[in-house]
Amino acid sequence: MSKPTLNEIHEDALAPLKPARPMYYAILAILACGFGWGILVWIYQTRVGLGITGLHIPVGWAPYITNFVFWIGIGHAGTLISAILFLNRSRWRTAISRSAEAMTVFAVMIAALFPLVHLGRLWVFYYIIPYPSERQLWPNFVSPLVWDICAVGTYLTVSVIFWLVGLIPDAAASRDLYAGQAGQKHPRTLLYRIMSIGWTGSSRQWHHYGRAYLFFAALATPLVISVHSVVSWDFAMANMPGWHTTIFAPYFVAGAIHSGLAMVIALLIPMRRIFNLHRIITIDHFEAMAKTMIVTTLIVGYAYLLEPFIAWYSGDVFEKQFAWLRATGWFAVFYWSLTLLNVLVPLVFVFKAARRNIKTLLIVGVLVNIGMWLERWVIITGSLSYDFMPHNWTVYIFRWPEISITFGFFCLFFFLFLLFSKFLPTVAISDVKELSAGLLYSPEPETFITKKQEAKIGRKESGLLAVFTSPDGLVEVIRKLKDNGLTRIEAFSPFRLDEVNALLHPRKSPVRLWTLTGAVSGCIGGFWLAIGSAHVNDLFVGGKFSPAAYIPYCIVGFEGLILFGAISNLLGMLYNARLGQIRLPAAYDARFTKDRFGLFIACASEQIPKAKELLASFKPEEINVV
Amino acid sequence: MDVTRRDFLKIGADGAAFLAGGVGEKTVDKLIPYVIPPENIRPGEWTIYATTCRECPAGCGMYLRHRDGRVVNASGNPNHPVNKGGLCPRGQSAVQGLYDPDRLKKVLCGKCGLEMDNAESAIKEFAEDLKKYNGKIIIISDLQTGALYEVMESFLESFDSKGRLYLFEPFNYGPLREANKRLFGIDAIPAYHLEKSDFILSFSADFLESWVSNVQFAERFSQMRSFDGQNMGRMTYIGPRFSMTAANADEFVRVPAGAELSIAIAILKVIIEKGWARKPIAGKYESGNFPIPHDKIVELAKRFVESKSSVALAGPVGASGAAAENLAMAVMLLNYVAGRIGQTVDFSQTHALSNTISNERLAQVLQGVTKEDALIINNVNLGYCIKDSAKYISAAGTAAYLGTMPDETSKLAKWIFPVDSPLESWGDFEPWTGINCLMQPTMSRLYPTRSTGDIFISLAQATDKPLSRKADSFEQWLKLRWKEIHARVSPNVLFEDFWQSALRNGFALETPKNVTVNLIENNISIMALEPGEFQLWAWSSVLLFDGRVSNRGWLQETAEPMNGQVWGNIADINPKKALALGLTSGDEIEITTKSGQIRLPVRITEDVAENVVAVCFGQGHTSLGRLAEGRGANVFEAIDATDSASIFGSATIKKTGQTQKPVYLATNQQQHHREILQWVNLSKLREMKPGDGDKLQLPLPEGYDPKKDLYPPQVYKNHRWAMVIDLSRCIGCGACTVACYAENNIAVIGEWASRRWLEMAWLRVIPYRNQEEAGRLGFLPLLCQHCDMAPCESVCPVFASVHNDEGLNAQVYNRCIGTRYCSNNCPYKVRRFNWLNAEWPKPIDMQLNPDVSVRVRGVMEKCTFCIQRIRAAELKAKREKRKVRDGEIEPACMQSCPTKVFTFGDLLDPDSKVSQLTRKDPRRYHVLEEINTKPAITYLRRIKIDEQTNA
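Residue numbers (our numbering), protein chains in the order written: chain A, 1 to 626; chain B, 627 to 1577.
Be a bit skeptical, because a hint or two may be false.
Covered stretches of chain A (in silico footprint by chain B; criterion: 3 or more residues with CB under 8 Å from a CB of chain B, positions within the stretch not fixed) [unchecked claim]:
hint	segment
1	57-68
2	361-367
3	388-400
4	537-545
Calculated lysine-lysine pairs in the BS3-like style (CA-CA distance at most 27 Å, straight line) [stated by the list, open to error]:
hint	chain 1	residue 1	chain 2	residue 2
5	A	Lys3	A	Lys18
6	B	Lys710	B	Lys822
7	B	Lys1091	B	Lys758
8	B	Lys731	A	Lys320
9	B	Lys710	B	Lys731
10	B	Lys1526	B	Lys1321
11	B	Lys1109	B	Lys757
12	A	Lys320	B	Lys928
13	A	Lys320	B	Lys1333
14	B	Lys1502	B	Lys1526
15	A	Lys3	A	Lys619
16	B	Lys1321	A	Lys320
Some chain B residues flagged as far from chain A (calculated, every beta-carbon gap over 10 Å) [to be verified]:
hint	residue
17	Asp854
18	Ser984
19	Leu1072
20	Pro1117
21	Val1143
22	Asp1213
23	Ala1292
24	Lys1315
25	Lys1333
26	Gln1340
27	Ser1420
28	Arg1446
29	Pro1467
30	Glu1500
31	Ala1503
Source of the hints: derived by calculation from the structure; they are not laboratory data. In this text, a Cβ means the ideal position worked out from N, Cα and C, and glycines have one as well.
With the hints as extra help, turn the sequences into a complete structure.
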């Protein structure tokens, strides 16, 4: 396949935004009905009580917490692709990162609902949220469930910010597309206008945006690892045989990425086919994901082997018996099938043919997801059903309410994803364009111009606008213009041009200071909240005087660091890049988000001929006076 | 439509009320249910009334705790000579009987099929009817002594029907009395002084469950079993079924049904032949074949004779007919030859049950009923426990039923007179000779009912028939009778003082006369006949007795001690028999005897002999109330007493092809080497001194080890409440479980939810088997352990589970959001979650304890060590400017326990009983000590006698 041009990328990536066929709305309606049924059952369950589900003592947690862990796990692949692979400079991430991130956001949203679904008294759920209230009682920061609230809350906030920030340039592209096709007043134009918060693709915006994006990735990376660790501690911190193990944090993180990648594969294959994204999402992308899955398969497999080994090695009668019961008890069939689905099935990816076969990829993706759901279910339900006291040993039976709600929320996920794929650009267009221009991850140019020379150009200033078809040679144009005293220059581009940015905005972006301040104060704030509220409560729990139990408060401090680092990073970017202006500068042209590059020289009318003359030798497509 | 301002406001208010009431939380309507309250009601304070339990013929003394005009719970009267403070589950359920929503509320005239609101006119009408039957009136009543007996007798006399009063109890011990009559000429059940004996030999006599006077025997048994530092009493149980009583024996000898008699005769023969007999007897005794080695027989015989005092008991409960008579005779002879009559078997005190008629006599009476007769049935459910009773009752010219529940018999009667619950009426009862127990109304009537005595008196008045005492009411009659008792017992005090003290104490004692017991028939022959190949074995559980209490949620929802079943009954069969028939657990079988057929699901268990199918009494009601009806099968229908070789009759079983799913709360009795319930050998224990034994991690600062515990301990200033549970004393009866239900407003959730294991009991008694020995089982009362390092607390996100400053692991319901993490992390799994909203159908909501909140769906709850009682005692101590005394606080479980399993107190007080036991008793241990939870409940190991002979 030949390398697609900028225009082709643009057209392909934005093609799904065209009005949908009736089939799309029909599927959307069916999914909405499924979700609606789930909500009705949830309301019924809240009215009547959880007794209508299969839950009982000792199996206090089963499908809802399984779903929670499952969906949080699904979310991990998105952050892995968009943050960790960004930091690793993996080129293949660009085509799939947007969908993966969207998947993350929706999955975490759904995951965050399940703890609510499983609550006995939904109507007082807010007791768990730390805020000053008339109850004068703060939540117990020693409890892993409060860590969950902090971790999942932070994760959801940061994922949403990360996703929306990533969408800004592409939303601008969509805005310009819709403004051209449907007019300025069209609701979708309006939507994209809001989402792109005044994005023009100016080098100033690209300059701060690039920095901020890097910091988001840097904050999201430890976050994604911590979130599933914290989730795993819901179990590892408890004393149940089958839960109380130190291996859980890495095991859960690996498992999360495992299932997340499987879900990305399973989602992208149909999406790529339906929206005809073959030119952007290629088989190479799938192969790269399959390769990553081999790593997670091996980690997960190692954990599976280690669990019974440690049970035997510990000599602990409860652990030993539990390991045996897991393999032979009432849920043994699920235990063995999850081992098969999660370890043996994805091992087919060691063969290149399997990695490059769409059908195999799809089947493995679906099977691993089933396997990973079962894994969480076996860990949670199985361990509980064989607790310390043998007289309690019971079987958990699925009843219709939990099946309905689980099904309903699966419908919600696909509903949201379908909505996303038709309303928002599903591919990180600017990144793909940058990649096709061969500029992605090019080494950062040295900065050599002093602070004074940075140009500040007002929104209504007039001057000369040159439009180019290619970014090549822009650096020379700018140098030449500058040498001739025309220093008040701004460039516009559909993707980031590092050298241009360095030339026009040589000062290091101050966003880093914003982020640092936010992170440090968030960390201190987290500790302050946890320790301070423990002093307000002044209670003994589990043999611990809560103000003295400082170790668990590190988690709160950490989550504060990430959350406030990310928020302040966002604010820093918005401020420094002067985003948030709905009216665009006069010099802006809609083609700059598509495939054209602009150079605006702010100058008085007497300087215009000189500028025109200088530009002429670089053969711009057109030159306009604005 | 015209809407006035008033209408508008009304509609608005209704709407608002509807919205506000939508959550469905529980409220009791009236604070004090009187317009003008009686003087002795003080709002917010407990009043205690002493009365007598009439849930079975045992006649235990009862304290009823009364608050704001309502009875809330029942516990044992600690001074009562029968039960000494304990009370069985049935006795505690008396309050549920009082508030039973299904109770009879109106006079029903079955003939006309109408309810009659006016009891007065109904009585007049019935009296007119009765006149026609002058001289032909029959009264069949449950066991009554004293005033009511007098009234009924006098009533019959006035209608020229003298001698036609028959007292009947389904469990009447006819065979035992018949044996005594033949041997000694005394038609009576003697008193058994178990506490004085050091060896009990029980032949299927389940005296801890329902045999004669179970609470009394449990108390005496625990005295006899208590370890004095050197020794303790022993017990051997011989029978075809591993009953709760058998589980408490040192030795359970499982024999095929019918072999008990052979073994009893064999032991008797050994004693005679070896010349060990203290009292010589002659006679012909044929033991036939028996399945245990002869050496064992000799050993049992030797121990029985050589013990300082021993006693042999004959069962089973509910038996009648020749086979049971033979067993009773052989066993009584054992007592005789060993010289136990007058020592442990005391005929100077006999049980009131001795006045009842046997099944055979009742059959004669019923068969003799004709159109000429009027039948009055008082509170005995013939329709349920006597086969074909419908035929006989309908043969009568008219039949009236006096009772509290719409049971099977009430459906057969033409007249139904609802009577007071025993807790609403005056009365007296003399369970054993000389023990006069008084009953008093403990609250005002719930419904326009009358006392049984008053109905008879009114009937007599309506027909102008004079009765033997001049009394306008039953209360008067009772007083007149007690004046006579006063004259006998303490003529020196004023009657009013005597009466007041009898009301306060609940009883007045007379010294029984000594009797000399002589063997009148020395030349007896007892032959052990070969029973049929396969037999029915009926047994009575401590919970349901003969089925009269089956409509009570507490009893239906408390797990049967041995099989853990709730809300139904099952047929137990041996695995060998099951294999032969191709049965698996849950298969429905049809049990056919000469008298009838019943269908039940099977449980396959080694606990029963190969030749029996064992079925529990008490289920299979077709009427009685919503909770009892249509559950399991009624074994009374299948008992065949005509078979002289078999106690309950030969049976055949066949698979019906259907399956049923019985509900079990405890799913597993094996410990899987987890050593949750532990035993200690007697030989080892004897060598241990106080202070020896396990080093426990106490729930006190001293229990913390910086090497293991990361954080500093909590230091208690005033109290650290703790409990000691003596497993050696626990017989498994479940009285504590029911007491906990009553005290703490624990919801009964019903069969549907029990099947899903949603039960709410805070305290359960768990049967666990000994890992090494198949026939050894112990009972573990399991409640919140109030750990010092409670795993439930640290995981709660909202501090609903916290430690208080007296060491209690408190649950704050208002704060709980229902994550259930605490329960997941509780290794003892003693927390209970409100999966659904509890239902308290009126008027059972009146039983709710006002000191304890009623929980809504979605919150976790658990044992609080009865914090309301702790707080009340602390307040009282504060008012009296003193410290809380050791033993002053009794949680409900402890208060109800017939065998004194529980000890509660303050660990900070070094002299308290609980401190002494926790620190020094050599049997002490913590369940799951290795998890380092530092529980506040210390268990004392069950003692296992590992020597063959007495020391």
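Okay, the hints, checked on the actual structure:
1. 57-68: With 4 residues close enough to chain B, the hint holds.
2. 361-367: violated (count 0)
3. 388-400: holds (count 7)
4. 537-545: holds (count 8)
5. A:Lys3 x A:Lys18: holds, 24 Å
6. B:Lys710 x B:Lys822: holds, 16 Å
7. B:Lys1091 x B:Lys758: Cα-Cα ~14 Å, so holds.
8. B:Lys731 x A:Lys320: Violated, at roughly 60 Å.
9. B:Lys710 x B:Lys731: Outside the cut-off at roughly 34 Å; violated.
10. B:Lys1526 x B:Lys1321: At roughly 25 Å apart (the allowed maximum being 27 Å), Lys1321 of chain B and Lys1526 of chain B satisfy the hint.
11. B:Lys1109 x B:Lys757: This hinted pair is violated, its Cα atoms lying about 32 Å apart.
12. A:Lys320 x B:Lys928: violated, 48 Å
13. A:Lys320 x B:Lys1333: OK: Lys320 of chain A and Lys1333 of chain B at ~26 Å, within 27 Å.
14. B:Lys1502 x B:Lys1526: At roughly 25 Å apart (the allowed maximum being 27 Å), Lys1526 of chain B and Lys1502 of chain B satisfy the hint.
15. A:Lys3 x A:Lys619: Holds - the C-alpha atoms of Lys619 of chain A and Lys3 of chain A are around 25 Å apart, at most 27 Å.
16. B:Lys1321 x A:Lys320: Holds, at roughly 26 Å.
17. Asp854: Per Cβ check, Asp854 of chain B is outside 10 Å of chain A; nearest 32 Å; holds.
18. Ser984: holds, 41 Å
19. Leu1072: holds, 30 Å
20. Pro1117: holds, 58 Å
21. Val1143: holds, 47 Å
22. Asp1213: holds, 19 Å
23. Ala1292: violated, 4 Å
24. Lys1315: Non-interface label stands for Lys1315 of chain B: nearest chain A Cβ at 31 Å, farther than 10 Å.
25. Lys1333: holds, 15 Å
26. Gln1340: Given a closest Cβ separation of 5 Å, the condition is violated.
27. Ser1420: violated, 3 Å
28. Arg1446: Non-interface label fails for Arg1446 of chain B: nearest chain A Cβ at 4 Å, not farther than 10 Å.
29. Pro1467: holds, 18 Å
30. Glu1500: holds, 20 Å
31. Ala1503: Label holds. Min Cβ-Cβ 24 Å, cutoff 10 Å.
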